[in-house]
Structure formats: structure tokens, C-alpha cells
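Using the hints provided, position chain B relative to the given structure of chain A.
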Amino acid sequence: MRWAIDHTSRERLQDQIADCVRRGVATGELDVGEQLPPAAELGAALSVDRNTVLAAYRQLRDDGVLEFRRGRGARVASGGPDLSAVTEAARSLVATARLHGLGRNELIRIIKELT
Amino acid sequence: MTSPPLAGDGTHAVYTGRTTSWTTVASTCVAGVLLVLVATSSGGAWSDLMIVLPLLLIAIGVLADVLTASSVRATAGPNGFTIRWGSVGWPRCSYPLDRIARAEVIDLPWWRVSWGFWWTPRRTSCTVRSGPTVRLTLPNGRIVTVTVPEPVAAVAALDAAATAPRDT
Numbered sequence: 001m002r003w004a005i006d007h008t009s010r011e012r013l014q015d016q017i018a019d020c021v022r023r024g025v026a027t028g029e030l031d032v033g034e035q036l037p038p039a040a041e042l043g044a045a046l047s048v049d050r051n052t053v054l055a056a057y058r059q060l061r062d063d064g065v066l067e068f069r070r071g072r073g074a075r076v077a078s079g080g081p082d083l084s085a086v087t088e089a090a091r092s093l094v095a096t097a098r099l100h101g102l103g104r105n106e107l108i109r110i111i112k113e114l115t
Numbered sequence: 001m002t003s004p005p006l007a008g009d010g011t012h013a014v015y016t017g018r019t020t021s022w023t024t025v026a027s028t029c030v031a032g033v034l035l036v037l038v039a040t041s042s043g044g045a046w047s048d049l050m051i052v053l054p055l056l057l058i059a060i061g062v063l064a065d066v067l068t069a070s071s072v073r074a075t076a077g078p079n080g081f082t083i084r085w086g087s088v089g090w091p092r093c094s095y096p097l098d099r100i101a102r103a104e105v106i107d108l109p110w111w112r113v114s115w116g117f118w119w120t121p122r123r124t125s126c127t128v129r130s131g132p133t134v135r136l137t138l139p140n141g142r143i144v145t146v147t148v149p150e151p152v153a154a155v156a157a158l159d160a161a162a163t164a165p166r167d168t
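Those sequence lines, one after another, are chains A and B.
So the first sequence is numbered by our numbering: it starts at 1 and just counts up by one.
So the second sequence is numbered by our numbering: it starts at 1 and just counts up by one.
Some clues are possibly wrong.
As the list claims (entries may be wrong) - In the SDA-like style, the derived pairs of lysine to any residue whose C-alpha atoms are separated by at most 25 Å in a straight line are:
| id | chain 1 | residue 1 | chain 2 | residue 2 |
| --- | --- | --- | --- | --- |
| 1 | A | 112 | A | 11 |
| 2 | A | 112 | A | 19 |
| 3 | A | 112 | A | 89 |
| 4 | A | 112 | B | 10 |
| 5 | A | 112 | B | 11 |
| 6 | A | 112 | A | 86 |
Since the hints were made in silico from the structure, they are not lab data.
For reference, chain B alone in the conformation it holds in the complex:
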């Protein structure tokens, strides 16, 4: 889709996107149901509290996971690239433009999807689906992979900001 950028100095062209991982939501719910089944099938004499308490804990766990680990928000523009994970926006990673050596769109195969927020010594991965994905390479060689709805637009916003003359 083409969107005409406004001409003139002082222009801020920014891309924002949100991706929800329905896979995470579904797998959490399935795991929660399984946990309930295992808990109730173990038998024995259960008091009311013994049933309600685990159910409550599982419900809280499912809710917490859905709230914190099901979506990823990304912003790209003159202020760099920021990833916010989950509804509360934590963990959060921010990369100013001068810390991004290269930004590109890669085609992520499904077996490389991290299905969550991963931080390893050489990589930061925040991917919830396969397909076109933003990949940043930092000056120190660190590789950052993030799922955004329109990776081409996100990379275009970063490129435009990197080549534009800095007026501030």
C-alpha cells in the first residue's frame, strides 16, 4: 500500500504495528485445560478449597500469559526502533538509529520462529509468526529479529529516517 509522505523539513515519518500471537493464546489455554484435567483426575478426597485454589491459580496463570506474552508492538522512525512485548509493554527494547547498522526484511521460516521474547548472547528474538520479518543488525554484530505486521513499511521508515538530514 502506498502512503504519500508529507514533504517538507521537520517531517516525522513513523511506522507503528502490533502483532497478536493467537498461537500463544491458544496453546496457553490448551495447557491450562490439560492442567485442570490432570489435577482433577488424580482423584482422592478433595475439599472445596483444594479444587477452587488450583483452578484459580491456573486461571491467573492463563490470564497473565495472555496479557503479557501474546502480542508485540513495534515502532520505527527517527527515534529508532522500539519493541514492546505484551499488553504491559515489558520487556522493552529500544534501538536508536545510531545503534542500528542495518535494517532489512527477511523471510523467517517457521522452524526459526521463537514464539516469544528471547534474549541470547548474540541475538534478540521477538517473533510470533513465520513469514516476512524485520531484522536489525547492530554495530556489535547483535541480531534482532522482530515480527511486525508490515515489515517493509517499518524498514522503509528506518531507512528514510537514517538518510534524512538531522534537523534536531
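So that you can see chain A by itself, here it is in the shape it has in the complex:
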């Protein structure tokens, strides 16, 4: 699982971590039932506090993305939101952009303008 957070961004770190998990679930990098790293270990790797990671995990649990089990850590929930439609749409968007000669950065700029 790849994580990327920006310490200088204005966006809260816990939201950035939660977004990483959401992206992982959407792209299929995280499978249903897969166990996420313990908060202390991920926190140490990302140079954030353990409680920030826990806050992100809790936020994801409340959204139904993760489930907590005693002694087994945080896992990707089976009944989580189905984002496969979004992934599919994004895939066709990328294909269309490529057809029109648009690069990744241009595409990202267009999306940023829209959202």
C-alpha cells in the first residue's frame, strides 16, 4: 500500500491519510479484509503522531470503509462504499484525454478546476 501525505498542505493530516486509504480501496490496491498497518507503525513511517493515524482510521470506520476488530486491528470492510463505478469512469476519462493528447498534469488541472 502506497501512502503519500504532504506535511505543508493546509489539508488536515488525518484527512490526507484517510484519502490515501480511500484511494487504495478504489484502485484495488487494498483488498476487502486486508489489514492496515498498526497506527504506531504507520505514524512513525509518515512522521505523524499515532493519534493522527487513529483519528483517520476512526473517521474511515464511521464512513464504513474500515472495520475494527479487537486484537486484529483495522481491516477494509466488506460492505464499504462501492467505488468501482468511479474507477471505471476515471479510466475512460484518462483514455479520452490520451486520445486528445492531454497529459496527466493537464488532466489533473481540469479536474481541479471542476472541483
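For chain B alone, kept in the frame of chain A given last:
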């Protein structure tokens, strides 16, 4: 799989992975069953305690092995490479970026798999399957071999962190 890294300074790109060795779990369970068979086939007059106690000990042994020796967790990023062995995360090895001379992906043949955590004078091996594996070479020539689910991503995270300007 491509995952766009976020642009900008202060970016932390980290890879985390967990590999479970079902071979270890299976072989432990088989060994446990064999132990039970050997114990019960030796015959003789067994009291209840004499049967329950060895069974309990074997069950504890199998459980302990499954908990401690069946999986390996690895993290790679700006804070270096860390290996945590088993559910409790021990033994643990941590290599900061400045202690990693080279990181590469090798194709580990099955006869070189250590099937566990091994520490020898020249090598640290933490491999539970054959195939693509992360290999670190330390400045003192020590070779560290670790199984991770996506070794390419782990090495990419280390390379990106090593080439990025240090802002902290």
C-alpha cells in the same frame, strides 16, 4: 499499478506491506498434529492430566508460532526501511536512509528462501516466499533480504526519499 504521488514540498511517500507465510502456518499445524500422534501412539496407561497437558502445550506452541512467525510487515519511506516480524512486531530491524547503500529488487529462487527471520554475521534474511524480493545493501556490506508484497513500490519509495531534498 500507478499511484500519482502528491506534488509539493514536505511530501512523505511511504510504502507499507504485509506478507503472511501460509507455509509456516501449515507446517506448524502439521508438526503439531504429528506431535500429538506420536505422543498418543506411545501407549501406556495415561491419566487425564497426562493427555491434556501435552495437548495444551502443543496447542500453545502452535498458537505462539502462528502469532509470532507467520507474517512480516515492512515500511519504506523517508524514515528508512523497517521490518517487523510476526504479529507482535518482534524481532524488529530498522535501517535509516543513510544506512542503506543500495536498494534493489531481486528475484529470489525458492532454495534461497529463509522461511523465517535469520540473522547471520553477513546477512539478515526475512523471507517467506520466492519471487521478487527487496534486497538492501548496507554501507558495511551487510545484505538484508525481505519479502514485501510489492517490492518495486518499496524500492521506489526508498529511492524517492533518498533523492528528495531533505526539508527536515
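These are the hints, each one checked on the structure:
1. A:112 x A:11: The hint holds at about 15 Å.
2. A:112 x A:19: Holds, at roughly 16 Å.
3. A:112 x A:89: Cα-Cα ~16 Å, so holds.
4. A:112 x B:10: With a Cα-Cα distance of about 21 Å, the restraint between residue 112 of chain A and residue 10 of chain B holds, given a limit of 25 Å.
5. A:112 x B:11: holds, 19 Å
6. A:112 x A:86: holds, 16 Å
Violation of the numbered hints given earlier is absent; every hint is satisfied by the structure.
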